[in-house]
Structures are given as C-alpha cells and as structure tokens.
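Chemist: Just need the whole structure built from these sequences, with the hints factored in.
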Amino acid sequence: MIGKVLVKVKKYSKSPLTWLVVVMLLAIGYTQIMNLSKSFKVVDTSTVLSVISAKQADSVLLVDKEQLIRVVLKAGVMIDGASKLEASYITAQEPQIVELLAQNPPPKKWNVKVPTQSLLVSLIFTLLPFLLIGFIFFFVMSRAQGAGKAFSFGKSRAKLNSKETPQTKFEDVAGVDEAIEELREIKDFLVAPEKYQELGAKIPKGVLLYGPPGTGKTLLAKAVAGEASVPFYSISGSDFVEMFVGVGASRVRDLFAQARLNAPAIVFVDEIDAVGRHRGAGMGGGHDEREQTLNQLLVEMDGFEANGSVILIAATNRPDILDPALLRPGRFDRQIAVERPDLKGRNEILKIHTKNKPLADGVDLLALARRTPGFTGADLANVVNEAALLTARKEEKVISNEALAESVDRVMAGPQKTSRLMSDNERLITAYHEGGHALVAHALPNTDPVQKITIMPRGRALGYTMVLPDEDKYSQSRAQLLDELAYTLGGRAAEELIFHDPTTGAANDIEKASALARAMVTQYGLSEKIGAIKLGSKDGEPFMGMNYGHQRDYSESLAAIVDQEVKSLIEGAHLEAYEILENNRDVLDGLVKRLMDKETLEKEEILELFAQVKSRPARAAWTGSPLRKPSNRPAIVYEKPSLDG
1 MIGKVLVKVK KYSKSPLTWL VVVMLLAIGY TQIMNLSKSF KVVDTSTVLS VISAKQADSV
61 LLVDKEQLIR VVLKAGVMID GASKLEASYI TAQEPQIVEL LAQNPPPKKW NVKVPTQSLL
121 VSLIFTLLPF LLIGFIFFFV MSRAQGAGKA FSFGKSRAKL NSKETPQTKF EDVAGVDEAI
181 EELREIKDFL VAPEKYQELG AKIPKGVLLY GPPGTGKTLL AKAVAGEASV PFYSISGSDF
241 VEMFVGVGAS RVRDLFAQAR LNAPAIVFVD EIDAVGRHRG AGMGGGHDER EQTLNQLLVE
301 MDGFEANGSV ILIAATNRPD ILDPALLRPG RFDRQIAVER PDLKGRNEIL KIHTKNKPLA
361 DGVDLLALAR RTPGFTGADL ANVVNEAALL TARKEEKVIS NEALAESVDR VMAGPQKTSR
421 LMSDNERLIT AYHEGGHALV AHALPNTDPV QKITIMPRGR ALGYTMVLPD EDKYSQSRAQ
481 LLDELAYTLG GRAAEELIFH DPTTGAANDI EKASALARAM VTQYGLSEKI GAIKLGSKDG
541 EPFMGMNYGH QRDYSESLAA IVDQEVKSLI EGAHLEAYEI LENNRDVLDG LVKRLMDKET
601 LEKEEILELF AQVKSRPARA AWTGSPLRKP SNRPAIVYEK PSLDG
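The opening position of the sequence shown corresponds to residue 1 in this note's numbering, with each subsequent residue numbered one higher.
Please keep in mind that the hints were generated in silico from the structure rather than gathered at the bench.
Pairs of lysine-lysine residues, derived as DSSO-like cross-links and limited to a Cα-Cα distance of at most 30 Å, are as follows:
1) Lys614 / Lys598
2) Lys534 / Lys567
3) Lys614 / Lys512
4) Lys603 / Lys344
5) Lys417 / Lys394
6) Lys417 / Lys357
7) Lys473 / Lys629
8) Lys614 / Lys567
9) Lys355 / Lys394
10) Lys65 / Lys41
Here are the computed distance ranges between Cβ atoms for each label pair:
11) Pro193 / Gly414: 44 to 54 Å
12) Lys417 / Ala263: 53 to 63 Å
13) Gly414 / Leu575: 27 to 37 Å
14) Asp361 / Gly414: 22 to 32 Å
15) Glu194 / Phe170: 20 to 30 Å
16) Glu582 / Arg420: 25 to 35 Å
Every residue, glycine too, gets a C-beta built ideally from N, C-alpha and C.
Modeler: As structure tokens, this is what we get:
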C-alpha cells in the first residue's frame, strides 16, 4: 500500500502544476497562521477611544497606512474577555486620536508604526503576475507539444519510416499497375542513379498521385516506403498550417532540411490540397498563412537552393484546385492518375484481401469482381471485411459466396432493415416500383443486365434493383443514356399505371433523371436544339475549392430552351417506360407475385420471368442535325494481329 502511494507521489511530483498547487496551499496556510498569531480582539473605534480616555491603556500603537489602532490594557483590565484590542479609524480621526493620547498618555508610552516593504518583496509582487502568466503559457505548450517540446512547434512533424514499422510492398498493391511501374522507377532512381545519369537524365523532383478516394494513393506511398532503402518521411498537408503565423513555412523548411541531411530521401505529403490550393483567393489574400506555407513549399521544391536527391510524393483527391505553380514541370514532374480498378484489377485486389481469410469451396472471386464495377480498393477491402464479420456473426468457420454477396449489398445500399415492418400494401407498391425498374431495363436494347431485385428495406431505401454491366465501361452513347433515363423512371411509371396514385418513393429516381437529362443538354451536347455547346462555367473563385459556384454564361432565352429540352427528354423517357410496362403487364404482374413470395430475386430467376418480355426496337440513328445525314457505310471490322505471324 505504501509502495503504491510512493509511486503516485513520485508521478505527480514531476508535474509543474502540482508544485504550483503546493506553493499556493503553503502561502494560504502561512497567512492563516499569521492572522491567528495576532490575538487582538477587533472592537469598535469608540470603545478604544473610551479606554484611552479612562486611562485604562497600558500601551498604544498606531499603524499608519493600515489605519489601525492597537491597545494593550493595564493589568487586571478586561473588555469583552480580551486584554488586547484593535480598531480601525479614518484619516480624519487622526488629529483627534493624537490629541487624546497627548492628554492621556499611557504608562508605556504610545508610538506610530509606519509599515515599510523591502525592495525584494516589492520586486516579487511586481513580477509575480508576469511569472504566473509565463508559467501557465509554458505549461499549456508543454502539454500540447509534449514534455520538453514547448517551443518546437516550428519543427516538422514528419514521421521517419523505421525498419521496425510493418512494411507494405508493391506486391501488396493491385489494380494500379501503371502507377506501380512509375513508382518503381522513382525508387530505382534513388537506389541506382548511375544508369540514368549516364544518359543525362535528371531525377524527378516530385510525383503527384491523384484520383478518387479509396483508390490506393496512400497505400502506394506506403509501398514505396517499404521498397525503398532510403529514409522516408511522411506528413499530412494539414500538419503544416497552425494558428501561429509562420509556423507552416517553418515546418516546410525544417522538413526539407531533415530530408537533405539524409539524402537520398523521399518525402510523402498526404492530402496536399490542404496546403496547395490555388493562391490569390479566399479571405486572407497574399498574407494568408496557408499561402505563405505554399510559397515556401514552392521554393523548397524548385528554388535557388538545390534539393539534391530528395523526391516529393504527394497525394490528393482534388488536382483541379491545386496551384498551377505547384503542378508545373520542375516541381511535380510526374502526375499519376490512380483510377478505380477494372475487372482484372478488382479480381487481383480481392485475392490480396482474401489471402489470409478462410474461403469456402466454390467461392468465385472473379464473379464477385464482375458484381462490383466502380468499386475502389477501399470498397473491396470493406466488402471482404464485412463478409468476415457476417461469417463470424453466424458462428461459421469459412466465408461463403452468400456472405460475400450480402456484404456487397451492405456496401452498396446499407444494412438490411429486418426490424422495419411494412404493411402488405406498402410491400405491394414497392414490388411494382422495383419491378417497373427491372422490366423497363430488360426491355430496352442498350441497358445493362438486371442482376438482382429485392423489396427488403436497406439503408433509406424500401427496396432496390441492381442493374450492373458484365464488363467495365468508360463511356456511354446517347442511346444508352436515353435507356438509362427510361428505366430510372420505370418505378414511377409502374405506380402510375397500376395504382393511379404515385408515391414519394420515386423522389430519388426523379432527382437522378433530372440531373442526367440536364447533363445531356448542357454538358454532353446531346440536344438537337442546343447542339454541341458546353453551357455553364465552373471557373469560379478557388475559395472552398475551384467550384464555389457555377457561372451562367448563356442568355435567358437559351436558358428557356435548355429547360424545354430537359423537360422533353424526361417526358419522352417517362412515356417510353409507361408504354413498355403497359405492353408487358402480364410479365410485370408475374414478377410482382414472385417478389411478394420470395422478396429477393437473383439474375437467373429474373431472366426466366422475363423470357416473354416484348423488347423495344433499336433507336433511330442520330447525328444531332438534319443537315448531317447518317452514313450507310459501316465501321471497319478490326481484328487484332496474331502474335504467331
């Protein structure tokens, strides 16, 4: 017990705050003791004056400045049980008291005490407030920065990758083969620069990794750190800028100074858009702290002072808002796009994430990759992790195809709401709504296959229809967009056809259809009346990003035509969806009956139900103008040359 107490005492004795509390308690205790030791009873001024007039005082002391009069009574005289009295007086009473003492002098005389204060005490009381403020500042900074680092906030916070840190290798990264090749070359520049220098090649000073969130930009940087046999410093862009002026620029200088001392070296700045945004906008002007930090970064990357063999790797989701001076050759010589993986990449990523997980026999990762177009590496990692969690929840030992399929649904639409109780009428409306989407999508010639239909609530949706391509697509034709518009409105059309009273369930569908139709008119040039013209400028001020607002660069009359064209596209798609459902009413009813019984239908069962669907014919040729006649001559048939020949 005593040992524990001693350990706690030793722990708390190291804190400056503990000693401050101890000193304050001692001062309070000393004051209380001094007050008790005076032993003078405080009485009224009139009582003291009466004692002096009656010649009952043995001695009297006047304390100047404090305005006190202290009286020691003669032996045997007691007033209110005390032999020592103390009273206060005002300055105007001093002549009266002095005259009274002159007329009735006490036996042991009377005296006037003038309190004096030593120079040391005066100095202490003068400096004490400043010392206290300084101590509090030092204490707060030491807490914020760590012990012994109270004044190191101008130093870089970059972390040096050590050999003890778990290493990520290039073999742990998949789906971004081109980026890996570029970064392998960067590593090779540092490890064996001679073969490049013999050809007169210069080492790139910077590499910018950009792309959507979750595609593996930071993971690539970790792989470079794991592969490179040189010092690797990592820091976030937000770590440069603080509340103190000049700290960001100081940290940039310190970071590059450290890297130069250990050159060749690699510096990785994650989320560089936090410090590298376009200059000359916002509220701070040229004196904004972030802009000072960016200016220092520009100088360090390509200024008068040579950087030696220091390469900067940076990552961002928003390359469009970065300052042009940061992106020019000589600073970021290479800009590598890290995009969403294709089918092969997704399959490789799934293999990496399932490498140390027990999979059931028959698990088809390639089929899972086909079901996840547009998923990033982070999404796929989440899918595999969700499948493992679902398997553990069911007390099973291996991850099955069912668990992986459920995890895809969870990532895309949210967890299943098993506790949400829907009435039979709401379930019927939802079944017709989702059936309308699926049937219209199947009947149109340019849509992707319907993979799944469910009326089980997930997330905020009461049900959903999964329409996914069998292979990756990187562009869409006008016919494909028109078909997408039609099946997006298929749910609303089904509600109108069957119940004659549409619900709010189509709100999200209407939002998507409106955005797509407007993009077709104003961005893609797919309107005959507007033509191939880009309407609306995004070149706004770079405050809060480059897209703070959209500037309308067209007239009111053209805006009215845009609205008419958008409405025309929506109305045409809506009517087309309605006609498809009307012509296939029996198939729709059969689909809804099956959905009400089973709640979820997969691709094979959907194809069986849709065997009798009356499909729509192909759309007419379209060139955007009656003056441009479609050519009757087909495109060439290209055959890839054989490698054997």
